[in-house]
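Chains U and S, in that order, give the protein sequences.
All the letters of the first sequence, read from the start, carry residue numbers 614 to 866 under this note's numbering.
All the letters of the second sequence, read from the start, carry residue numbers 614 to 866 under this note's numbering.
It is possible that part of the hints are untrue.
Because identical chains share one entry, a pair is satisfied inside a single copy or across any pair of copies.
Once the Cα atoms are required to be at most 20 Å apart in a straight line, the calculated DMTMM-like pairs of lysine to aspartate or glutamate come out as [as the list claims (entries may be wrong)]:
1. K802 <-> D863
2. K836 <-> D655
3. K809 <-> D756
4. K809 <-> D695
5. K676 <-> D628
6. K620 <-> D774
7. K836 <-> E750
8. K809 <-> E750
9. K802 <-> E822
10. K620 <-> E747
11. K676 <-> E817
12. K802 <-> D664
13. K639 <-> E652
14. K620 <-> D788
15. K620 <-> E817
Hints are computed from structural coordinates only; laboratory data are not their basis.
Protein chains: 2
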Amino acid sequence: MSKSPEKARLYVEDDLAHGLSISPSKDQMHYLMTVMRGEAGDHVLLFNGRDGEWRAAINPTGKKTCVLAVEAITRPQSASPDAWLLFAPVKKARLDFIAQKASEMGASRIWPVQTDYCQVSRVNDNRLAANAIEAAEQTERLDIAHIMDFTPLSMALDALDAEDDGRLLIWCDEDSAGMPALNAIDAMKAHPKPQKVAILIGPEGGFSETERLRLSALQNCLKVSLGPRILRADTAVIAALACYQSVWGDWPS
Amino acid sequence: MSKSPEKARLYVEDDLAHGLSISPSKDQMHYLMTVMRGEAGDHVLLFNGRDGEWRAAINPTGKKTCVLAVEAITRPQSASPDAWLLFAPVKKARLDFIAQKASEMGASRIWPVQTDYCQVSRVNDNRLAANAIEAAEQTERLDIAHIMDFTPLSMALDALDAEDDGRLLIWCDEDSAGMPALNAIDAMKAHPKPQKVAILIGPEGGFSETERLRLSALQNCLKVSLGPRILRADTAVIAALACYQSVWGDWPS
C-alpha cells in the first residue's frame, strides 16, 4: 500500500462538527506528517465515539505539525451491541492482544476480573485503553470499548446482580466441553434473545470450585462451551464474541 | 502452577506403543530436565498424530538427559474434522500467530496462499509447522495440522477443482458485510452439511477483481460474512473456524 494519510482513521476526544479545527495528539501528528508524509489538502477520517465519523483536511502549521479542519460527516454515529467482556487477564503481550481483539470483535466494555487462578495481580488500564482504541481505528467501529478497572470476579458479579437490568451472563465454561446442549451457538439459538450480555472467559487454569458454585447459582446465566479443544484465553475471547455477534449481535441476519 | 513435567504434553515422531523407549528432541530434553526439573518416575504425555496419547515415564540417563519409557495409552487416536484453512499470509509475528490459532481451533490443514494483494512473498514452512505443533501440544488435540507449501491462490483452487471430492470452499468475503443471508452461521445452517471444507480467508487488502470473478464462478463455494467490522486476518481465522466448528465441526451438538 502506498504511503498516504488518506486511509488514516483516528480517534480524537474533541467534539466533531463542520468547521471545527482539531489538534492531533503528538503521536498522531508524527504519524500523519512524518510517517505518512501528509500534505495540505490530504484528508483523514476522525471519530470520537459520539459524533459519527468525519472527514478532515490536513492543514500544515509547520514542517511536521498540522491541525485538522473538520469538513463533512461520512458516517452517522452507531453503537456496538451491548456486550461486555469479562475476562481473567493474562501476561503482557497477550493481554494487549485481548484488548485489541475484543475491540475488533465489537465488545462494548472490556472488564478484567481477578479470579482465584488468575495469573496476574495488576493491570494497566491505560495500556488496555490504548490497545482498544488502536483496534477501533483499524476495524472501523465508531465507538470505543469502555475499559473497566481490574475487579475481583465476585465484586463484578455483585455489580451485575445489583444492576438487575436483565443482562445475561454468558459463561464460557471449559469444563462443559463434552455437553452437546452447551455448544455455544446451539445454546444461544435455544435461548430467548437478551438485550444485553456479559461474556465471561475464565483463566487458563479454569475457575475454582467456589467460583463455579457462585456462577452455577446465578439466575440469569447461560453456560456455553467453545468446543473440545483447550483454548488459550485470547482465542476464547474471539471465538465467544464471534458466536455472540453472529447469533445475537450485529452480524446481519 | 508449580514446576512439574507431569503436565507436559509432547509431540514426537516415533511410533508409540507399550514398552517402547523414546528419545526426546534436544529442546524437549532441555524443557523436561532443566526447565521442569524432571526426575525418575515423573510422567509426561506423548502423541504422534497416529497412535493416540500415551503416558511415558522419565528415565534419566545423565544429569540433564533422559529417555521416555512408554507405559500406557491415555486417549485413543482421534482426528480433527476435515477442515482446511487457506489464507493469505501476513507478516512474521502475526503469521506465527495464525498457525498457532488455526491449530488451536482444529484446522486439519494450514495452507498459505499467495493472492494478488498479499503482503509477503516467502513463507517459512518449518516455522509454521513448529507453531502448529506447539499449539497442538497445548490445546490437547491428538493430530497435527498438515502444513502446505505457499501456493498461488489460483493453483490452490485448481487443486481443489481437480480433487472433485465434494470439498466445500467457505469463502469469507469482507465485501459481504452488509448481507443478512451471508451471516456465517446462518449461511452454514441453511446449507447441507459437507463432509469436507476449505475455509478461505483473504488478505487484509481484500481480493482482486480477477480473484473475485474466479471465486464467484466456483460451483461448490459458500460465501459468508464475518460481520460488519473489518477484521485482521488472524482474527478472521479464529472467528471463521469457531463458526465452522460449532455448526459443522466437532463442537458437540
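Here's how the hints hold up against the structure:
1. K802 <-> D863: both (15 Å within a copy, 18 Å between copies)
2. K836 <-> D655: Neither: 50 Å inside a chain and 36 Å across chains, both beyond 20 Å.
3. K809 <-> D756: within (17 Å within a copy, 39 Å between copies)
4. K809 <-> D695: within (5 Å within a copy, 36 Å between copies)
5. K676 <-> D628: Neither way: K676 and D628 sit 26 Å apart in one copy and 67 Å across, limit 20 Å.
6. K620 <-> D774: Neither: 43 Å inside a copy, 37 Å across copies.
7. K836 <-> E750: neither (32 Å within a copy, 26 Å between copies)
8. K809 <-> E750: Result: close neither inside a copy nor across copies, 24 Å intra and 37 Å inter.
9. K802 <-> E822: neither (28 Å within a copy, 36 Å between copies)
10. K620 <-> E747: Answer is within; shortest intra-copy Cα gap is 14 Å, inter-copy 37 Å.
11. K676 <-> E817: neither (50 Å within a copy, 32 Å between copies)
12. K802 <-> D664: This pair counts as neither: shortest intra-copy Cα distance 34 Å, inter-copy 37 Å.
13. K639 <-> E652: within (17 Å within a copy, 55 Å between copies)
14. K620 <-> D788: The answer is between: 17 Å across copies meets 20 Å, while 44 Å in one copy does not.
15. K620 <-> E817: Answer is between; shortest inter-copy Cα gap is 13 Å, intra-copy 38 Å.
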